[in-house]
Each structure stands twice: as C-alpha cells, then as structure tokens.
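Put together the whole structure using the sequences plus the hints.
Chains as they are written, first to last, in the working numbering: chain A, 11 to 286; chain B, 53 to 485; chain C, 47 to 338.
Simulated from the structure, these hints should not be mistaken for laboratory data. Values in this document were obtained by computation on a predicted structure and should not be read as measured data. Careful, some of the hints might be misleading.
As the list claims (entries may be wrong) - Which residues of chain B face chain C? A few of them, derived with a C-beta cut under 8 Å, are:
| # | residue |
| --- | --- |
| 1 | Gln118 |
| 2 | Ser300 |
| 3 | Pro442 |
| 4 | Thr449 |
| 5 | Gln453 |
| 6 | Ser456 |
| 7 | Lys471 |
| 8 | Ala479 |
Said to hold, decoys possible - DEER-style ranges, computed between Cβ atoms:
| # | chain 1 | residue 1 | chain 2 | residue 2 | range |
| --- | --- | --- | --- | --- | --- |
| 9 | A | Trp28 | C | Leu72 | 38 to 44 Å |
| 10 | B | Ala100 | A | Trp28 | 53 to 59 Å |
| 11 | C | Gly127 | B | Glu377 | 58 to 64 Å |
| 12 | C | Pro206 | B | Lys376 | 49 to 55 Å |
We treat Cβ as the ideally placed atom computed from N, Cα and C, and that holds for glycine.
As a plain string of letters, each chain reads:
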Amino acid sequence: MARAVTTRQKTINSLAAWAVGLLIFFPILWIFVMSFKAEGDAIKTPLEVLAAPWTLENYGVVQERSNYSRHFANSVILAFGSTLLGLLVAVPAAWAMAFVPSKRTKDILLWMLSTKMLPAVGVLYPIYLLFIRLGLLDSRAGLVVVLMLINLPIIVWMLYTYFREIPGEILEAARMDGATLHEEILYVLTPMAIPGMASTLLLNVILAWNEAFWTLNLTAAKAAPLTAFIASYSSPEGLFYAKLSAASTMAIAPILIMGWFSQKQLVRGLTFGAVK
Amino acid sequence: MFLKNALRAATALSLVTVGSAYAETITIATVNNGDMIRMQGYTDDFTAKTGHDVEWVTLEENVLRQRVTTDISTKGGQFDIMTIGMYETPIWGANGWLVPLNDLSAEYDVDDILPAMRGGLSHDGTLYAAPFYGESSMIMYRTDLMEKAGLEMPAAPTWEFIREAAAAMDDPESDINGVCLRGKAGWGEGGAFITVTANSFGARWFDENWQAQFDQPEWKEALTFFVNLMNDYGPQGYATNGFNENLSLFQQGKCGMWIDATVAASFVTNPDDSTVADKVGFALAPDTGLGKRSNWLWAWALAIPAGTQKEAAAKQFIEWATSKEYIELVAANEGWANVPPGARTSLYENPDYLAVPFAQMTLDSINAADPTNPTVKPVPYVGIQFVAIPEFAGIATEVSQEFSAVYAGQQTVDEALAKAQALTTDAMEAAGY
Amino acid sequence: MATQHSRSAARLMMAPAVVLLLGWMLVPLTMTLYFSFKKYLPMRGDSLANGLDWVGFANYARFVTSSSFWPSVYATLVIVGGVLVITVILGIFLALLLDQPMWGQGVVRILVIAPFFVMPTVSGLVWKNMFMDPVNGFFAHVWRSVGAEPIEWLSQASLPSLILIVSWQWLPFATLILLTAFQSLDQEQLEAAEMDGARWPQRFVFIVLPHLSRAITVVLLIQTIFLLSIFAEIFVTTQGSFGTKTLTYLIYQRVLESQNVGLGSAGGVYAIILANIVAIFLMRIVGKNLDA
Numbered sequence: 011m012a013r014a015v016t017t018r019q020k021t022i023n024s025l026a027a028w029a030v031g032l033l034i035f036f037p038i039l040w041i042f043v044m045s046f047k048a049e050g051d052a053i054k055t056p057l058e059v060l061a062a063p064w065t066l067e068n069y070g071v072v073q074e075r076s077n078y079s080r081h082f083a084n085s086v087i088l089a090f091g092s093t094l095l096g097l098l099v100a101v102p103a104a105w106a107m108a109f110v111p112s113k114r115t116k117d118i119l120l121w122m123l124s125t126k127m128l129p130a131v132g133v134l135y136p137i138y139l140l141f142i143r144l145g146l147l148d149s150r151a152g153l154v155v156v157l158m159l160i161n162l163p164i165i166v167w168m169l170y171t172y173f174r175e176i177p178g179e180i181l182e183a184a185r186m187d188g189a190t191l192h193e194e195i196l197y198v199l200t201p202m203a204i205p206g207m208a209s210t211l212l213l214n215v216i217l218a219w220n221e222a223f224w225t226l227n228l229t230a231a232k233a234a235p236l237t238a239f240i241a242s243y244s245s246p247e248g249l250f251y252a253k254l255s256a257a258s259t260m261a262i263a264p265i266l267i268m269g270w271f272s273q274k275q276l277v278r279g280l281t282f283g284a285v286k
Numbered sequence: 053m054f055l056k057n058a059l060r061a062a063t064a065l066s067l068v069t070v071g072s073a074y075a076e077t078i079t080i081a082t083v084n085n086g087d088m089i090r091m092q093g094y095t096d097d098f099t100a101k102t103g104h105d106v107e108w109v110t111l112e113e114n115v116l117r118q119r120v121t122t123d124i125s126t127k128g129g130q131f132d133i134m135t136i137g138m139y140e141t142p143i144w145g146a147n148g149w150l151v152p153l154n155d156l157s158a159e160y161d162v163d164d165i166l167p168a169m170r171g172g173l174s175h176d177g178t179l180y181a182a183p184f185y186g187e188s189s190m191i192m193y194r195t196d197l198m199e200k201a202g203l204e205m206p207a208a209p210t211w212e213f214i215r216e217a218a219a220a221m222d223d224p225e226s227d228i229n230g231v232c233l234r235g236k237a238g239w240g241e242g243g244a245f246i247t248v249t250a251n252s253f254g255a256r257w258f259d260e261n262w263q264a265q266f267d268q269p270e271w272k273e274a275l276t277f278f279v280n281l282m283n284d285y286g287p288q289g290y291a292t293n294g295f296n297e298n299l300s301l302f303q304q305g306k307c308g309m310w311i312d313a314t315v316a317a318s319f320v321t322n323p324d325d326s327t328v329a330d331k332v333g334f335a336l337a338p339d340t341g342l343g344k345r346s347n348w349l350w351a352w353a354l355a356i357p358a359g360t361q362k363e364a365a366a367k368q369f370i371e372w373a374t375s376k377e378y379i380e381l382v383a384a385n386e387g388w389a390n391v392p393p394g395a396r397t398s399l400y401e402n403p404d405y406l407a408v409p410f411a412q413m414t415l416d417s418i419n420a421a422d423p424t425n426p427t428v429k430p431v432p433y434v435g436i437q438f439v440a441i442p443e444f445a446g447i448a449t450e451v452s453q454e455f456s457a458v459y460a461g462q463q464t465v466d467e468a469l470a471k472a473q474a475l476t477t478d479a480m481e482a483a484g485y
Numbered sequence: 047m048a049t050q051h052s053r054s055a056a057r058l059m060m061a062p063a064v065v066l067l068l069g070w071m072l073v074p075l076t077m078t079l080y081f082s083f084k085k086y087l088p089m090r091g092d093s094l095a096n097g098l099d100w101v102g103f104a105n106y107a108r109f110v111t112s113s114s115f116w117p118s119v120y121a122t123l124v125i126v127g128g129v130l131v132i133t134v135i136l137g138i139f140l141a142l143l144l145d146q147p148m149w150g151q152g153v154v155r156i157l158v159i160a161p162f163f164v165m166p167t168v169s170g171l172v173w174k175n176m177f178m179d180p181v182n183g184f185f186a187h188v189w190r191s192v193g194a195e196p197i198e199w200l201s202q203a204s205l206p207s208l209i210l211i212v213s214w215q216w217l218p219f220a221t222l223i224l225l226t227a228f229q230s231l232d233q234e235q236l237e238a239a240e241m242d243g244a245r246w247p248q249r250f251v252f253i254v255l256p257h258l259s260r261a262i263t264v265v266l267l268i269q270t271i272f273l274l275s276i277f278a279e280i281f282v283t284t285q286g287s288f289g290t291k292t293l294t295y296l297i298y299q300r301v302l303e304s305q306n307v308g309l310g311s312a313g314g315v316y317a318i319i320l321a322n323i324v325a326i327f328l329m330r331i332v333g334k335n336l337d338a
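Shown next, in the form of structure tokens:
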C-alpha cells in the first residue's frame, strides 16, 4: 500500500492540495472575514477590506435584532429530531433489506429514492392545507416528521449499504447459538453497524439543517430554524454585506464545526455502497 | 438581551396586575426594510403601553410575499398582523380575508391618513390596512454635477430633459453614470419602473376590454427610449440593478440622477451612509407632456387577517405603529429625517418635518399620483405601477424578465414585446378574462 | 437461506418505512392530481371548501404550450448536466490529489468538504452578493484591478454562474465518495501495470476508471435526485430571469407568483413524470452497476 514517496513529490502534492483546498474554502473564509468589518468597508476592494479595522459590531446588531438562540435551538431540534426518528424507522427496514433480500428489494430502494424527486414547490399547497387541518403549522413536531420523510430514503439506503457489508455468517453463528432476533440486532448487529449509523446520522443532520424550503414555508415564529433567520438578512435596503456575513457565519458555524470534528466518520462513512 | 427580556416581562407583569386588558402575544410578519427594523426596536414601548408581547417574523420581501400569500389564501392563521402593500390590500379586502379597520379609536385620527394612501388601501370605501409608510417616486440628482454640466433641473422635467442631462453628466472617466434606473426583473422592481415610464409615454397594460397592449406603438416607444437611455448613459449591468443596487451606486457617487422611491431620499441625504449627502436635489418624476408623470404610489401597510383570535391586540398594535405618537417617538430619538414618511397629513403640516429637504417634494410626488386614473388612455383597472388584479404579480414578473433580457442585450425590444404580449394574453385567458 | 418466518418478520420491519413513504408520496400526489384537473385560483376566492370547477386537461395543455415550458426543461437539463459533469471530473481530480501523501492531509480535507455544510440559501446569497456582484463583488474588484471590465455574472453568464454555485456545493460530496473509492484501489495491480510499461493515462483509463465506475454511478444518482429539485439557489440569485427558470422554478412561479394552483399542479405532475423517467433511466444503469 504505502509507496515510497520522495520528499520532493510530497512537497509538490502538498502545495497543490493546499492551494486547491484554500481555493474551495475561500468563499467561507471571506464571509468570516467580512463579518468582522464595518458595513461601509465591506464593499471595498479585497485588499482594503482586509486592511479595514476589525469590529464585532455586526454580531451585536444581529444579536439585538433576532432571537438567534431560539432559531439555533429549533435547528438543532429539527435536524437531530428528524434524523433520529428517521433512524428509528429506517434501521429495521434496512436490516430486513440487507439480510432478507428478495427480488424486489432493489426496486423498493430505488422507488424510495425516487420519492425524493418530487418537486417540493408543486406540493406546497396540499401539504400546507394538510398541516392546517392537522394543526401542525409552525410546530416543531410537524417539521420533524416532514424532514424525516424527506431524508428517510437516503437514511434507508445508507444503512442498507452498511448492513450489507456485515458478513451474514456472523449472524448465522449467533442464530446457531440460540440468539433471538432481538438479541441478534442488539448485541451482534448494532456494535458492527455503529460506524455506519454514525455517518448516516451525520450526513442527514447536515441535510436537515440546510433544508430551506419546508422549514421556511411551514413555520412562522415558534418553530422557525436558522434558515428563516437568514431570510431576514438577505437584501434589505442599504448596505448589508457585513451583517449578512455575520448572520451567515452564525447560521453555518455550528454545523461546520460539528462536521469538522466528525470528518473522519464522514470521510470513512460516505460510500453509499459505492465501494466493494 | 436578558436584561431587555426581563424588563419586558416586568412591564408586562405590572400592567397585568394593574391594568384591565390581559396580555397576548401577537405574531407579526414584516419585511426587512429599515423602517420596519426600527419599529421592531421600539416594540418595548408598545409592550409597556398595552402589555401585549410581539413575535416578529422578519423576512426578505420575496420570501415574505410567498409566506403571507400562502397563509392568507389557505386561511392558515399563522400571523395576527401581516405587512402588505397597496397591491395586495384591495384584492384581499375584496375577498373578505382582512379585518376592516373601520372602528379605529378617535385619537388615532384615521382622517389624518393621506387621501391617496387611504384610497389605495381601501376597497369599496373600507380601509383594510393602515399605512406604515408611503412613497411615490421622484428624481434625485446631484446638484454639483448638474451645475458643472451647466444645466438647471426644472421642478417638473420631461424625459427629453433627463436624456439631455444624463448625456451632460455622464463621465465614464470618473466612474459617473448619467442616470441610474431599475432594470432588475420582478414586478415590484424593474417591472414597476418600466410600467410608470410607459404610463408617461401614453402606454397601458390593458385596454378597456382587458386586452394586453404590448403590441401597441406606445410600449415600443417607451421601452426603446428606456433601453437607449440606459445603454448610453446608464451603469454597466443595469439589467440586475434594483432599488438596493442603485441606492448603493448613488450613495457612492456613481450616479448623476436616480429616479426611484421617495423613501430613498432619507438614505441618500444621510451623511453616515452617503458620500454625496449634501449634494442631492429633488424633482418630480419626468413626463413626455401627455399629462401623466412617471411616478408611482406605494405603501407598506399593516393588515389583520380575518379569523385571527387576537384581533383586539392586533388593532392596538396597528394603532400604535401607525400613530402620530409613533412618528414623534422616532423623531425624538432619531431625528425627523428618519420618521416613516408618506402616511399622514399632519406630518406634512409639521414645520419641523417640512425643514427636511425632501419632505415637500415627497408630498408633491404622492399628490401627483392618481391610482384610479393612471394612464393617458382609459383603463379598466386601478393601480399605477401595478394592475390591481390577482394575476398581475405573476404576469408582470414574467414580462419584466423578458424586458431584463433586453437590458442585458440578450434579445431585441420587438422580441421582448412580442413575448410579453403572448404570455400576458395567455395568462389572462387562464384567469378567465 | 431465508425462512418463511424471517421473511414475514422482514416484511414487518420494512412496513413502517414503506408505509410512511407511500403516504408521503400518495397523499400530496393525489391532491396534486386532483388540483391539476381543477380551476383553482385562490386569489379569486376558489377554495376547497367552496368546491372547485373541473376543467379537464386544460391546465396540462396550458402548462406545456406556455412559451416558458421548453426553455425551462432546457435550463433544468443544462444545470443538472453541467453540475454532474463538473463535480465528477473535478471530484476525480480532487480525490486523486487528496489520496496522495502530503502534509496536513486532515486539514486539507476539511477545507475541501466545507462547502457541503453551507446552506443553499447562504451560498446563493454569498455568491450573488459578495462574489458575483458586478460593482462591489469580489470578482469585480479582481477584474478591475487587472484593468478588465467586470463580468455581469448573473445576467451575461447566468447558467454558467448557477452551475458554478451549485457545483461548489456538491463538489465535496462527489470528492468524498470518490476518495473512499480510491482508497480501496488495488495498488499492486497499478504497480504491476506500471512495471509492464503502462503509462499513467493508460493506467488511469484501464485500471482506475473501471474501479471508480461504481462510485461515479452513485454520485450521479444521488446528485441527480437533489439537483432536479434545486430551488433556493435560483430563488435568491436570478429569480428565474436570464434563462435560469428551471422546471421546478416554473412551477413555483405558477403556483405562488401567479397564484394558479391548478396550473402549477399540472406542472407538478409533469415534473413527477420527468423525475420518473430519469429514475427509470438511472435504475437501468445503477441497478446493473450496484448489483454486487
């Protein structure tokens, strides 16, 4: 596996990779920089922006104007709630598909994925009317369910691919030893599946955190997450780059930090069964 | 933040124990414009007076429209007060979706609302929304550049003069564009501007039988004039410039003239944001001598959706936010130039306010706008920069997208007008005209 | 291998997921189908409570005969296709680069995957204002500093600009999946080929690409599903002007801007049909490729 690599080669690789990495990361870095600049400085040339004095003023204004902590709490509840609920529903389904496959397993999987292709805008009225009838508008519970349903196909598929990589013989052996289905899942399968479940959780928390159509259209004040928070800073009258940057930083930082800490799981886990 | 909440809770508590009305929490959907954000900052004053708490849902204009329209047409009941405009109010009022504001208190003095605003926010004589601020449009120009060009801005110029002045002031070397105008797609952006321009050229959206009129020579003349003016003396990329982009250009001293909302006057004369604050003059929007000027009429207003459980508290809020006292509150804290303009007659009788340089011209522009008689030729509709029918927002957005493609040099005036005619006819058919 | 017992247990275990998704698909779908045959103009006072008029296939006919229909199909295909091509090609290149030994590999990886964590609304807003704005945007400043005329990205090059924004968001995803695939590449096979005198392009085409085919398929599949319904990026940047009106956006315009729910629902049905055509097409290639 490990090939001897000259230092020269490694240096070139490193330089190239760092250059590309910084290029890709640059827009995020730039939001971050701008969020600490005065509104009037943020529209200047890049060098002038960098040279301008740093300030926390924008964060103060955003904090003053919006109830960030509530939006943040809602985002956390929606993202984790919907994903955990999704896992609860998806684990048995994926288990069944992986270990008791039938002719139709693949069809069911792909059908599930195809439900994701329905354009949300096309069904806004039906869902809105349904939510009124059920009294779920602007409720976290309603949104948790919707976000769960949106991501369920992805969750099922990811889990299915991880479960399939678990050798069936181990389960056979457990069964021989007289393990019940319940025990089999709890003591044999779960420990082996935890890494896969962790990456599934991560990816879907990210997807739910970033979902911006339903979270915006089915909420008002109480259940509105950070996507709604952002909508109050985009394109107001007058200059807004710095405040938008501060609000954007506050909206993406939590998930970015979570992602960074768990990038090993994400990198290792994101295969969708692509690797065999 | 904590202190503020604690204070709010304390005032609310004391009022509950002392006062009569019990406290409610009302949810208000509003747009993220400067005046509304300022209003949010004064929420504590309202809470102290009435004991009611307010939940703000502040959204960008397009998101707000999408949100409140869905909610009102399905009777979702998510908001106790919605911030809507002069376009929505009469339509929603006619549908019975809004609570009539016909029992406001005597001290509120509903007769003090400017007649043009009151008319535009009523249906069949009933007021359905109270104006928070109102606007028309007018010319804002650089007095220094005008002088340098050796010209003098008449109080009521023609489009020909605007072209002449733009040519004289245009100075690409110093990064100054003769004139900055809206070209951005969207019925409330470039769509509004080209519509009022067309009005002054004698064009109209529909004839008396609701037939689209884009195949008529007046539209071609108006659009051609606009495109030539902007291509010759406008900023690069004006096809994507809306109110905000032009505001920023003008504040940075990159425009000789800017014709836009009267509320912009307080931004361009504010030395904190504007590099040209002391060099701005004002004039009525231009015409072509046909009897109609190219200025619009608009108000951002507060309305109560029918069916809310908190109608009484919502009315109290509207009375507070659109009252004379609110204007005084803002004036006392931030100066007269920053009060919400264009809503009340008494504001324009106040000598303190009339000392603000743009006050008189704003009032004159508002008075020069007549939504019931917006065009040279007769039309079956009400509204100046819009047509007060439910289909208009969709149609005009698509039409303005065709026009913006002309501004970006992607199609000709004739192609755009032909497409506009076809899609308007089609949409009107779909709506059953 | 599977017994009758385990089969029925399996069915039971799949039931919640299948039933929920079936409900999530069928309920709105039925309502959409119902609305698509009705005249439903909420602003004109039509509502479910008052009963809606039956109009047959009028909405369907009107939706496709609109001058915006074919351009919207075209815009959809160009955006989806463009993003797929860019993310796959750059993704392979990036994965290859990240797979090499280097200093600070972990940090570089973090930098590369970061865009994936950014909300589509935020990324649309940031690209539009801070980067592509022809006056105050970053690119405009750079262009001017070298004496060039700034590009009006979102009007003169609207589709490429959108593709750029969306690709930026999805490149990390493609890279991650391809990177995992690279890591399972049989190095010995590569080395053997190298010794046999195969040059790098040959090794790439005959060994690396076949190995990646499965990963590429997955990238194509998952991304297509998400890309067909992109909305926020267009909503905050061009609002559908300058030829960026995708099918999804056209439906939005019909339902929410024109307030014609019947017409928009007919559009929704077309979009569902399109999605299913794509799905069947994908199932053909993916199904084959995913069978282990």
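Status of each hint after checking the structure:
Using the Cβ-Cβ criterion of 8 Å, the hint placing glutamine 118 of chain B at the interface with chain C is satisfied: the shortest such distance is roughly 5 Å. Hint on serine 300 of chain B holds. Least Cβ distance to chain C is approximately 7 Å, under the 8 Å limit. This hint holds: proline 442 of chain B has a C-beta 3 Å from the nearest C-beta of chain C, less than the 8 Å allowed. Taking 8 Å as the C-beta contact cut-off toward chain C, the hint placing threonine 449 of chain B at the interface holds, the least distance being around 5 Å.
A least Cβ separation of about 4 Å between glutamine 453 of chain B and chain C falls short of the 8 Å threshold, and the interface hint therefore holds. Look at serine 456 of chain B: its Cβ gets to within about 5 Å of chain C, closer than 8 Å, so that hint holds up. Annotation: lysine 471 of chain B was flagged as interfacial toward chain C, and the flag holds, the nearest CB pair being 6 Å apart, inside 8 Å. The closest approach between the C-beta of alanine 479 of chain B and any C-beta of chain C is roughly 7 Å, which is under the 8 Å cut-off, so the hint is satisfied.
At about 51 Å, the beta-carbon gap between tryptophan 28 of chain A and leucine 72 of chain C misses the expected band of 38 to 44 Å. As the Cβ distance of alanine 100 of chain B to tryptophan 28 of chain A is approximately 57 Å, the hint placing it in 53 to 59 Å holds. For the hinted restraint 58 to 64 Å between glycine 127 of chain C and glutamate 377 of chain B, the CB-CB distance of approximately 60 Å keeps it satisfied. Take proline 206 of chain C and lysine 376 of chain B: their Cβ atoms lie about 53 Å apart, and the range 49 to 55 Å holds.
Checked against the numbered hints given earlier, this structure breaks only hint 9.
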